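K.L.:
Sequence:
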Amino acid sequence: MKKFWILLLAITAAAAATAAELPSVVQVKSNGFLKLGPAELSVRCFNDKWATAKWEMDAARIGRQGGSASGTMWFGGDSIRITETITPLEPSGFLFTVNAVFPHPMAINVFCASLDLPTGNGPFDVTVDGRKLDLPEKFTDRYIAGAKEAKELTVVLTGGTTLRFKGNFTLEVQDNRKFGGDRLSLRLCGTPGSGKLSESRIDLAVTVETVRSMPVDISQAVNFGFADDVADDGRGGWSDQGENNDLRSFTQRKVHLENITFDIIDPARNGGKAAIVMGRTVAKRRAAVELPPDTEARAVTLLHASAWTPSGGKPLGYLNVTFADGSLQKIPVSLADDSGNWWNPFPRKNAAVAWKHENPAAPIGLYAAPFALKRSDPRRLEFQLNPEHVNAMWMIAGITLADRPFRFSRADNDVLLASGKEWLPLEFTKEIVAGSPLDFSRYTEAPAGRYGSIIARPDGTLGFEKAPGKRIRLYGANICFSACYLEKAEADKLAADFRKLGYNSLRIHHYDDLLVDPEAPDSVTFDAARLDKLDYLIFTMAKQGIYTTIDLYSARAFKPGDDIPELRLCERAGLKALLPISRAAMNNWKAFSRNLLEHRNPYTGFRWKEDPAIWMLNLVNEEPLSLNWSAAAPLYREKYAQWAKNNGFPARKDDRRFRQFLNELQNKALEEQLRFLRDEIKTKILLTSLNNGAEQADLVRLRHQFDVVDSHGYHDHPTFPEAAWRLPNAYSQTSAIARKAQVPREMMAARIFGKPFVITEFNFVKPNLYRAEGGPLIGAYSALQDWDGLYRFAWSHSRNSVVGINPPTMFDAANDPLVQLSDRIAVLMFRRGDVEAAKEKYAIAVPDDLFDAGRMLSFSETPALLQLGLIARIGSSAGDAPLPGGVFRLPFSATFNPRSTHNGRICGLWEKTVKNGIARSSTGQITLNSGAKTFAVTTPRSESLTLPGGELAGNRMRVYDASTFQTVAALSLDDLPLAESRSILLLQLTNLDNTAAHFGNTEFTLHRAHGHLPMLLRRGAATVAIKSNVPFRVTALKTDGSELGEIKGTFQNGSFVFRADTAGFPGGVMAYHLTR
1 MKKFWILLLA ITAAAAATAA ELPSVVQVKS NGFLKLGPAE LSVRCFNDKW ATAKWEMDAA
61 RIGRQGGSAS GTMWFGGDSI RITETITPLE PSGFLFTVNA VFPHPMAINV FCASLDLPTG
121 NGPFDVTVDG RKLDLPEKFT DRYIAGAKEA KELTVVLTGG TTLRFKGNFT LEVQDNRKFG
181 GDRLSLRLCG TPGSGKLSES RIDLAVTVET VRSMPVDISQ AVNFGFADDV ADDGRGGWSD
241 QGENNDLRSF TQRKVHLENI TFDIIDPARN GGKAAIVMGR TVAKRRAAVE LPPDTEARAV
301 TLLHASAWTP SGGKPLGYLN VTFADGSLQK IPVSLADDSG NWWNPFPRKN AAVAWKHENP
361 AAPIGLYAAP FALKRSDPRR LEFQLNPEHV NAMWMIAGIT LADRPFRFSR ADNDVLLASG
421 KEWLPLEFTK EIVAGSPLDF SRYTEAPAGR YGSIIARPDG TLGFEKAPGK RIRLYGANIC
481 FSACYLEKAE ADKLAADFRK LGYNSLRIHH YDDLLVDPEA PDSVTFDAAR LDKLDYLIFT
541 MAKQGIYTTI DLYSARAFKP GDDIPELRLC ERAGLKALLP ISRAAMNNWK AFSRNLLEHR
601 NPYTGFRWKE DPAIWMLNLV NEEPLSLNWS AAAPLYREKY AQWAKNNGFP ARKDDRRFRQ
661 FLNELQNKAL EEQLRFLRDE IKTKILLTSL NNGAEQADLV RLRHQFDVVD SHGYHDHPTF
721 PEAAWRLPNA YSQTSAIARK AQVPREMMAA RIFGKPFVIT EFNFVKPNLY RAEGGPLIGA
781 YSALQDWDGL YRFAWSHSRN SVVGINPPTM FDAANDPLVQ LSDRIAVLMF RRGDVEAAKE
841 KYAIAVPDDL FDAGRMLSFS ETPALLQLGL IARIGSSAGD APLPGGVFRL PFSATFNPRS
901 THNGRICGLW EKTVKNGIAR SSTGQITLNS GAKTFAVTTP RSESLTLPGG ELAGNRMRVY
961 DASTFQTVAA LSLDDLPLAE SRSILLLQLT NLDNTAAHFG NTEFTLHRAH GHLPMLLRRG
1021 AATVAIKSNV PFRVTALKTD GSELGEIKGT FQNGSFVFRA DTAGFPGGVM AYHLTR
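The sequence shown begins at 1 in our numbering and counts up one residue at a time.
Source of the hints: derived by calculation from the structure; they are not laboratory data.
All values derive from a computational prediction rather than experimental measurement.
Mixed in with the good hints there might be a few duds.
Simulated DEER-style distance windows between Cβ atoms [unchecked claim]:
#1 LYS314 with LYS178: 34 to 40 Å
#2 VAL101 with ASN168: 16 to 22 Å
#3 ARG726 with TYR603: 34 to 40 Å
#4 HIS256 with ALA51: 50 to 56 Å
#5 ARG1059 with ARG899: 47 to 53 Å
#6 ASP229 with ALA557: 41 to 47 Å
Ideal placement from N, C-alpha and C gives every residue a C-beta, glycine not left out.
With the sequences and hints as input, model every part of the structure.
P.N.:
As structure tokens, then:
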């Protein structure tokens, strides 16, 4: 002990003589605590009842040269005087000294310096006197032994920092996760550290070691820049997706993350090249960097990302390291742990987000991932993209070496939702009370088919065979898998429920695999009992006025009896990939379609092909070859080589001619399918297909042959960092309003004027924090565009969810009252026609020579052009195809040219939208402010205001003192203008989730578990003022439409004013009925 004190005195004297500074990783907080990278060092005191002392600092003089602080710890009326001294040591450390004087001998359980380590960063690396401490990565509630009479504690922190504490202390371990905390505490006890204490002292010598990084010059290997002017040309920058979806905002020349630094090449000084890019449109699939001959390192760190990121457990690629002795280390780069898609970045197990930004398409970022080396003398780094990922890209922006292995801090603070100050339990009743304000059945005319089949009218809208002057707009939802196969009573109830929601259409989706007879050798023989359930479902839906649409293929798996020879070479290939190149696959599709459409429904008496209640058939769900060919890649490469030779083109997969090849194959398949249905089956049902890839301009010409154009769109669709369609899921947590109504805006160009246009899948996906914006966004803009149908994806993916009450999950509406109430807004804006269609119409002319070099292939390359859709009606046309009257043609150009509208008013509105982010529709009824995150829809019969908090006004309604993000909508229920209406439904939508919904961080971008019942409603309040000359009676409603109780209001300045509060009644409030 005497020798240790002598050493401390000598060290202190040396520090004073050299005026040392604290290591850069050490940050002194205002309360005297020390932040040491991700850890924190503080003084703690617990009495014999384990109460902790309250700390009040009265003097502090601690800077980079150290210093002292003094204060008082309080236990009730007893005060403990504390003096803390910090003295820097050379070359990298400090002395930490604490003196405590107690007012009288006090019973103390622990007086200590507490080093608090964050949990959730992977395994701990802690040793005491050379013995590794067994600290659980996950909480186990077991006793963790410390050490008595310890001399040295070594803690290896994430971020490349190592701490060594020397002194004489007892070490105790406290896992605060037991009490709901997120820290594990290492308590270095004072002398003495417990018992009846009059005074105590802490003396520690702390050494801080940090990883040393050595940036690597990658100029020898770079082949791409960060900016990309032309998409899909195999040149330019980053992921080759064009100027509106590139990395041009990445202008840093250095990137710092914890103790690591990357040097970034300036592309302007390097011929436009700054990154190593491999895959998809880029021929390069390997790249190598030679290291100097004297290089010493034990880790290599990549600044990188992927694009078109595949799911599954196969590596993105490999880092092959060659050492001085010629030996090789092959390091797999995991898709889930070591990298991630550059869109919507979030921390991974071994990859921290080192840089984040946004481009017009999405939130974007780069990951930093370290890899340990088996030797210290690397000489060559080679990067190899996994050849199994034919569409994936690997982009590397920087490389740095490190002198030791390390891990980055993940900073994942798990969040579990619970009832409290932000959330309250919601009472949810599934059955809507008939005749209540939430019963919208009066908006659906029954039965379906009473006016004959639905037809495409000459003006490009939907009408009826026997009443062509009568227009119909469709609004409904998808049901999938076992939800399609209900008992009769269950189907009857579902049909009645749909009608009460204001739906008038159903999409039967993902039904086909379950329809196949499991005993049959092939996949075109049906299970009779399940076919009967589909028959009855269509019948009972029609009775309620609900029209059905169905896919002729969505997810049916081939069986051996189908005898598809191409499967012998490409066993993963499904019908989508094989249909254009396999006669057997085409015949299989025809056989299934024939068996279904020629079948006579015993309940309706119609064969399916002639049933007026079945209004549309989709040939194959989401089948664009550009998204599906890779499942049969060897077959397509072989056929492309021959096609290229025949047409005099070089046979390179990365060439845009490959897209032309796919386009031609797809067109031939579609022509055959359409001919089969129209000429052989002789169905009158409207036909469509190619219902995703709205951004693909090369699909416009193909879609011209359909009766109806269909598309899909999702805001914040999940991605799957570990396994496809398995938790955890990743989300961007962005607002669609902030992204200028990305949905539905990105689907607008897919519309072809002169043809009905429908969206058979849309969603603002749970658990997006802003999904309360979805109803007014989809309803208002679909009406402005004068579309013909909307289908939420989905009502349910299972029978259990249809018939029972389960915790709502990402897509399904069956048990999600926020979605169901959002749909009430959309139904009235769109189906009832509250929002006017824009009179101005513009078609983007997709040129015939689209596949020539320099031409854009994607509408996403022209975001300014798509933003015109927030003002006027937009669509597309193939080349110089004839356009309906009143439609003006716009050039397909990335150049923003508002004068091309030949309309001064539209020109001004468009300029303001693009430059200021404020979009006001030509009708004056819709105003979006992307910067303020506000959205206002004002029509005579309905108004909807979406705001992040604060205040927003419409024409007849004003919302102010709003406490959180919410949508407040006033909807006339008697079809009179709001100024005259005596029955108004007022909706207040905040957010909704489940008890114990589990997120991996405080940004809610990583969703680990859905949670359980009861549902939780986000607390939110706002003052609502509605212009009126007479008072309203305001009644809060339950989720089934029944009354909860009355809310008082007052008159103020010509308006009726009341306070809407989701927590205003036990069980929560989302709707109110205003009557007068």
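K.L.:
Regarding HIS256 and ALA51, is the given constraint of 50 to 56 Å on their beta-carbon distance met?
P.N.:
Since the Cβ atoms of HIS256 and ALA51 sit about 42 Å apart, the hinted range of 50 to 56 Å is violated.
K.L.:
Range hint 47 to 53 Å: satisfied by the CB atoms of ARG1059 and ARG899?
P.N.:
holds, 48 Å
K.L.:
Looking only at beta-carbon atoms, does the pair ARG726, TYR603 fall within the given range of 34 to 40 Å?
P.N.:
Roughly 38 Å apart at Cβ, these two residues keep to the hinted range, so it holds.
K.L.:
So the hint says 41 to 47 Å: do the beta-carbon atoms of ASP229 and ALA557 match that?
P.N.:
holds, 43 Å
K.L.:
Looking only at beta-carbon atoms, does the pair VAL101, ASN168 fall within the given range of 16 to 22 Å?
P.N.:
holds, 20 Å
K.L.:
Given a hint of 34 to 40 Å, does the C-beta separation of LYS314 and LYS178 actually sit inside it?
P.N.:
Once the Cβ atoms are compared, 39 Å apart, the range 34 to 40 Å for LYS178 and LYS314 holds.
Hint compliance for this structure: hint 4 is the single one not met.
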